[in-house]
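Participant: For the protein sequence lines, the chains are A and B, in the order given.
In terms of our numbering, the first sequence opens at residue 52 and continues consecutively.
In terms of our numbering, the second sequence opens at residue 1023 and continues consecutively.
If you're looking for bench data, these hints aren't it; they were derived computationally from the structure.
Hints may contain errors.
As the list claims (entries may be wrong) - Derived pair list, reagent style DMTMM-like, types lysine to aspartate or glutamate, alpha-carbon separation capped at 20 Å:
1) K197/A <-> D317/A
2) K1472/B <-> D1434/B
3) K428/A <-> D1325/B
4) K428/A <-> E271/A
5) K1472/B <-> D317/A
6) K428/A <-> D1318/B
7) K1446/B <-> D317/A
8) K241/A <-> E399/A
9) K241/A <-> E286/A
10) K1472/B <-> D90/A
11) K197/A <-> D309/A
12) K1472/B <-> E91/A
13) K1446/B <-> D95/A
14) K1472/B <-> D89/A
15) K1469/B <-> D1325/B
16) K163/A <-> D90/A
17) K1472/B <-> D95/A
18) K1469/B <-> D1434/B
19) K1446/B <-> D102/A
20) K1446/B <-> E135/A
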Amino acid sequence: MQLSWLLLGSLTLLTSCATTEVVTTASQPVMIAETPIDDELRLDVMILPFDPSLERIETAEGDIPISAEVRRAESRYQAYHLKETLEQTGNWGVVRVIPSPASFQPLLVEAKILDSDGENLRISVRTVDAAGSVWIDKEYSDSASKYAYQSVREDPFQDIYNQIANDLLKAHQARATSSITNIQNVARLKFAADLSPESVSGYLQTDRRGRVTIAQLPAENDIVMQRISRLREQENLFVDTMDDYYLNFYRDVKPSYDEWRYATYDEAVRLRQMQKQARNRLLAGAALIAGGVYAGSQSDTWAGDAAAAGAVVGGIGAVKSGMDRYKQAEIHEQALAELTQSLGMEIEPNVLQIEGQSIELEGTIDSQYNQWRRILKEIYAADQGNQ
Amino acid sequence: MPSPPSSSSSGRETGPREPQTSGDETTSSDQRETSRPGAPGDSASSEDLINAGEALLETASDLTRGGQGADDPLLPEPMSDASGGEPEDALIPESEPTQPADEETFFETDSASTSSAATETETEVDPSDSSSAASAEASAAGNAAAEEALNQSGEMGGSYEDEPLTAGQQAALEAAADAVAAAGEALLRAADEISDAEQGSASMGNGDPPGSESMSEAQIALILARAALDNAAASNDGDPRSGQWIDAANASIESASEALAGAVQAAMMEGPGTDYDASDSAQTADVTGSGHSGPDARIAELDAELDASIVVFETDMQSARERAAAALTGRTMTAVAGSSLDVDETSIGQEDRLPEGTASVGTPGMAPDENPDVEATNVEDSDGEYAETGRTPDGKRFEGPPPTEDPEIPEDIPSPQGDDIVAKQLREAAMAEQDPDLKAKLWEEYKRYKAGL
């Protein structure tokens, strides 16, 4: 009796090897505010290249091969795709991808790639405004549909981007107009503080939670603030220039990246399927063997001994089948590794180029900022001397 | 970052420059006659600026003629026989000397009109006799550099293929010519102002040194001219002919910069019509507060430095954006030429699943209610706040027709700074459009949209 239950359970395990595959095609639509947001209340959104999580490459458990070059490309590609999604909603001001964080941006989006391949995408997103308030801090995940690669109407993981855009919009709508205005003023003062800390000393206060509030606003005829307003335009020019480079990178990488996702989708699905089957069969086989051995030791009839032997044989067979599945999984894993390596080699020049361009432009603006800081400091001192 | 000359400035002027409408020397001559002050008492500063300005105008006309495909102004006329046949190879010695070109005569006789930065001499400016000695040395050195360039071009006379310049190279040269001409005109204006001030006819009520504003404008114009020449050199792609013109123009720019720097220094030291001496410094350093000119003057100097640094930065960023745009244009041309680009809105089969250059994000710049592909399904939220307007607008990113070979942007087109997605698409479409009429309409639409932002 016990043996029969054991056999039944093992057969159930063996047959429950089905894997799920996403077949739906409808993605969550992106929301646009029913009442258009006033221009003064549209916040500028700056997006950092996603953290590629290169440390996870070292600790990967051999599921889907990860390439550092592909991840570094994805970090910018996905950031730019999010930028385009947000831009198309019309809910925001200027939306750009910037190479490094800046505390004086009204809204700063940071994300981290946790998993990314042709089948799955999982990222964590954190968005903070200039006043230090967190708008979003959550994980998003999506699985691509096989139809997504057959009919290219949108990105296979557009759902994630739409969800992020919708969550941002909700967070914006949840805040009062005064709060939005405060964020913009804090952003302006933070920019001023970055260039000329002495001229805005005491204007901003930070509480223990890191929230920034405005103690007082500068005078409209403040001589330093007038100059800083001009320099803000230069910062915007730098951001726009970087955005052009990111656009080029996005367009350069997209065809190869799409092909890679399409090619790895099937391989990834099969790989996970094989791995799951292999695990299940190994478990079932081990259970059968253990059960058979135990039953045999307890049996005192020929039938019982035969059944126990059969269970052991069946278990051995299941284990062997599981090992075969693992070998097949390795084949798919190798195919994925080759595809990923091929893509990495193909797009590495693009990654190096965008990284070089970022370093070059950042170097330009950093040295320029140093000069502007010196000039503003002297202007402030001269103005103080005047007063 | 080099420290710009200290001078007060009312701000950076970025208006459209006056185009050089004629490349002939008659215009330059007229300008020379109308702008040169006849008074014998003109200082060395204004005279140096006049010479430098005229040299720039000459250089601009050379660039213009060269860009329009005229005979190479820097090369001697080809050796040809009396029958007027094809010019013989310049490397083959002839019994009779060639007729020297007018441009050679220009370089040989007009020794005071050019100076060179090739020498890169750090001339210590003597306050008592600052401009004239430096500019004389620079002129002589510049003349030597120009002659050297001319000789090299003579040697290379027959060494390159006689191919016409591409439209892009012509456009870049013409833009550089315009910028150089504008710099020359700015220098002449500065010279006029200095001359008028020295003759006592200029108003100096604001206490600034005479001609400071125009000199500041001239400085900016020189910076822009240098940037335009760099662009022309970049599009030159190693063509030796246009490279010579550009080198000569750069030499003229450098000499003009030196002349301007000398004039600025002389003007600052001379002050608003009074001789510089220690008593002036004592007055400006009055700590009792009776004289506020010291900090104000210092702020003015810092503002000038800030303005100049902003100009340089904007030029750098603009160059970077143009490089990015050029790379994008080149990539679009390659994609169109090398693949069957499907811009249809319908879905594609598996055989042609991912056409090159297609972005599957959607049609940017169009609101969902304007996009015919968007399903207009309104679903009320629990609080009725949001209107779900359907799926993300699908379809392809706008891929215009193959871009033209002439990427020139009209001068009245505003800067792309602050462009949103619609403006950016309009700008890219206008740059990529081949049809001139449609191109003009797209630029008009872009300007109208920018005005409304």
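Participant: Hint check: K197/A vs D317/A, CA-CA at most 20 Å. Holds or violated?
Facilitator: 8 Å, holds
Participant: Under the criterion that the straight-line Cα-Cα distance not exceed 20 Å, is the pair K163/A, D90/A satisfied?
Facilitator: Distance ~30 Å between K163/A and D90/A Cα, so the pair is violated.
Participant: Take the C-alpha atoms of K428/A and E271/A, compute the straight-line distance between them, and say whether it is at most 20 Å.
Facilitator: It holds: about 19 Å lies between the C-alpha atoms, which stays within 20 Å.
Participant: Holds or violated: K1472/B with E91/A, Cα cutoff 20 Å?
Facilitator: Holds - the C-alpha atoms of E91/A and K1472/B are around 17 Å apart, at most 20 Å.
Participant: Against the 20 Å threshold, does the CA-CA distance of K1446/B and D102/A hold or violate the hint?
Facilitator: 28 Å, violated
Participant: Quickly compare the C-alpha distance for K1469/B and D1325/B to 20 Å and report which way the hint goes.
Facilitator: Violated, at roughly 31 Å.
Participant: Holds or violated: K1472/B and D90/A, Cα atoms, limit 20 Å.
Facilitator: Between K1472/B and D90/A the Cα gap is close to 15 Å, so the pair holds against 20 Å.
Participant: Taken at face value, is the distance from the CA of D1434/B to the CA of K1469/B at most 20 Å?
Facilitator: 9 Å, holds
Participant: If you draw a straight line from the CA of K241/A to the CA of E399/A, is it 20 Å or shorter?
Facilitator: Distance ~36 Å between K241/A and E399/A Cα, so the pair is violated.
Participant: Does K1446/B pair with E135/A here, judged by a C-alpha cut-off of 20 Å?
Facilitator: Since the Cα atoms of K1446/B and E135/A sit roughly 12 Å apart, the hinted pair holds (cutoff 20 Å).
Participant: Tell me if the straight-line CA distance from K1472/B to D89/A falls inside 20 Å.
Facilitator: Holds, at about 18 Å.
Participant: So if I understand the rule, the pair passes when the alpha-carbon distance is 20 Å or less; does K428/A with D1325/B pass?
Facilitator: Judged against 20 Å, a Cα distance of about 12 Å means the pair holds.
Against the hints set out earlier in the document, violations occur for numbers 5, 7, 8, 15, 16 and 19.
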